[in-house]
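Each protein sequence line maps, in turn, to chains A and B.
All the letters of the first sequence, read from the start, carry residue numbers 1 to 391 under the numbering used here.
All the letters of the second sequence, read from the start, carry residue numbers 1 to 391 under the numbering used here.
Take the hints with a grain of salt, since some may be wrong.
To be verified - Derived DSS-like pairs (lysine-lysine); straight-line CA-CA distance at most 30 Å:
{"hint": "1", "chain 1": "B", "residue 1": "K86", "chain 2": "B", "residue 2": "K114"}
{"hint": "2", "chain 1": "A", "residue 1": "K381", "chain 2": "A", "residue 2": "K86"}
{"hint": "3", "chain 1": "A", "residue 1": "K86", "chain 2": "A", "residue 2": "K114"}
{"hint": "4", "chain 1": "A", "residue 1": "K247", "chain 2": "B", "residue 2": "K86"}
{"hint": "5", "chain 1": "A", "residue 1": "K381", "chain 2": "B", "residue 2": "K381"}
{"hint": "6", "chain 1": "B", "residue 1": "K86", "chain 2": "B", "residue 2": "K381"}
{"hint": "7", "chain 1": "B", "residue 1": "K371", "chain 2": "A", "residue 2": "K371"}
{"hint": "8", "chain 1": "A", "residue 1": "K114", "chain 2": "A", "residue 2": "K371"}
{"hint": "9", "chain 1": "A", "residue 1": "K381", "chain 2": "B", "residue 2": "K371"}
{"hint": "10", "chain 1": "B", "residue 1": "K247", "chain 2": "A", "residue 2": "K86"}
{"hint": "11", "chain 1": "B", "residue 1": "K371", "chain 2": "B", "residue 2": "K114"}
Hints are computed from structural coordinates only; laboratory data are not their basis.
These figures come from a predicted structure and were not determined experimentally.
If you want the building blocks of each chain, they are given just below.
2 protein chains.
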Amino acid sequence: MRIESVDMFYLSMPEIEDIGDGSQDACLVRLRAGDYVGWGECESSPLPTIAALVTPWSHSACKPVRDAVLGQRLDDVADIARIAAKVRADSLDLLQADHALSGIEAAMWDLLGKRLSEPVYRLLGYPCAYAKMPYASVLFGDTPQETLEKARQARAQGFRAAKFGWEVFGRGTVAEDADHLVAAREGLGPEGMLLIDAGTVWRDDLEAAAQRIPALQAARVTWLEEPFVSGALREYAALAARCAPVKLAAGEGSHNEYMAYHLIDYGGVGYIQIDVGRIGGIGAAKRVADYAQARGVTYVNHTFTSHLALSASLQPYAGVAQDVLSEYPMELKALAREMTVEHIERDAEGMIHAPDRPGLGMTPNTEALRKYLVDVEIRAKGEVRYRTPEL
Amino acid sequence: MRIESVDMFYLSMPEIEDIGDGSQDACLVRLRAGDYVGWGECESSPLPTIAALVTPWSHSACKPVRDAVLGQRLDDVADIARIAAKVRADSLDLLQADHALSGIEAAMWDLLGKRLSEPVYRLLGYPCAYAKMPYASVLFGDTPQETLEKARQARAQGFRAAKFGWEVFGRGTVAEDADHLVAAREGLGPEGMLLIDAGTVWRDDLEAAAQRIPALQAARVTWLEEPFVSGALREYAALAARCAPVKLAAGEGSHNEYMAYHLIDYGGVGYIQIDVGRIGGIGAAKRVADYAQARGVTYVNHTFTSHLALSASLQPYAGVAQDVLSEYPMELKALAREMTVEHIERDAEGMIHAPDRPGLGMTPNTEALRKYLVDVEIRAKGEVRYRTPEL
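Build the full structure now, drawing on both the sequences and the hints.
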């Protein structure tokens, strides 16, 4: 069968808050081939991603993403890799193409899984999907007291691990950060696994990050995430050498698998965090999972949006028994919550599972989503290049 | 003074050919502050870049580029770095933002140079601009005979160095590539410096590239450019260890300075090639020039478009005496040629110079450009986010 249509939908909450919450809007992808429909999600700014899909040609290595996808044969998993490689080559100089590809590639897996009546993780070669231990992923409170309450809440909800990130952390004094760490540890209890996400706040300032090491160690933090921007590999390596037993985690910014390899090879991270909606899709993420496993680095999904994205993010390492942690967004906006009919809920042991259904196993709730649909129109060169399609 | 407006213009030839010629369209930037106007160029797909400028907010680290620029104070060079850092932080998750920033940043230098009556290279701290030796940058011919003729033409035009790239090279057999290399060397003569650009054709296939080493050595090629995609650092290092005296060149795909550092630190390149219109602008490129100089790596501009872009690309290493080579596009489409009133022509010795005029020293030929102006309109969330401004 051949890919007959590639549609993108810009969905948004009515109001966007100025906080680090990526669930406030979404870029949903719908693919059609034969009698099947596949769905995916780009973890990206929707409007530039749509523009990357439909832009006119610039030259032979700067073409719209849609041109490398429409009409392509999609019969087996090798076709997915072939189409993804074609997108990368034909859109080499179109930076946003990696994010656009990511949702499309996931939708191809979803569609093929439905056609072959197999969950995606089986198409990836995993005989089974292991249960994953979700960690509650939340933003820091504005005050240590708020952070304490958020940690208590995560614990009360039965989470054995929680991550606090962004907002005030790293922007005030070292003592203020330490207060938040003490509060998080207290709220989580002595047994809880505590993870901290600095959200690249120190850019490439090694010493600013290093000043927080004693407080991170005292709070028995398992990982410090994104102290620096993705490219600051020397700073990652230098900090990793100084912060044991705290390990470094990074990788969500990777828009191709090489960037993740670099964090492993040169940056010394202990955890590699991949967002399937950015790295180029499920195939690229699976290659990172293989690479990490061979090098003793733990693979973790990065997911801060819908359960469609969550399902996609679980597939690449579903069959890796020892990589047990999973990011589980806890403060989803209504849009992200309503994205799917099904949800990935914790079982009686507090664990989550990749859906045991064909494809990604998630049905977009198109009726509920219509109220979030953003009306977009892009005209260029005398043509309507894009108009929001029927959802 | 404060930045009052940031305008982007999508310019295009009437027909886009399916060849690796980046001069077929352009994304021109105009900045206004006080009584001054600055101009820059993004080396990028125009429509997604415009979308990155004007897209609605997604969250605190995914905002439109314009929001971090408009209204900012621009009085000295430190302001440029501050604004660029703000764009990077506020648009962290907007991939295309790096390309959008690049032209805006260059326009800030142009504007500030005009206000301070100084060429940009002096604002960068260089007391003078050294003459650079331009190499003719052309595409491979379809046949060795065509390549031979192109090389003869470059020589007849007085070029002492020429680069052949893209198209057939690397796509056929090793013997066919060798024929093109022999032809290029013959046409250029024994004294000419021969450079080869593989245009990432082998992606990360080390052996495919290595098979061409004997022919590259036999043709006394100075550098092999982009055998692999930017991220394939291990493959770069492995090939660099095998291809002496041929050196590797790469870097044009860098959309931040870290990527260039990685090619130097981990990829073993001998030449680092920076496109100011992609890396985040002139400041980021200058940091790479400093970094390369300290490590014995030669800095070269990457420029395949207008002389506005060429001027911007010369500034970051204008004052580095030993880095003498400069890419000089030879097959510019009319749009790129007509972009500026002035042109950077070779002097009697065949050398080129960064303009000794305030800012970038190039005046866009707005009247000539109007016929290339693409009419664009982007609507989202019930508003016109962008409509092609008056040029």
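Any hints this thing doesn't respect? Which numbers, in order? Violated: hint 7 alone.
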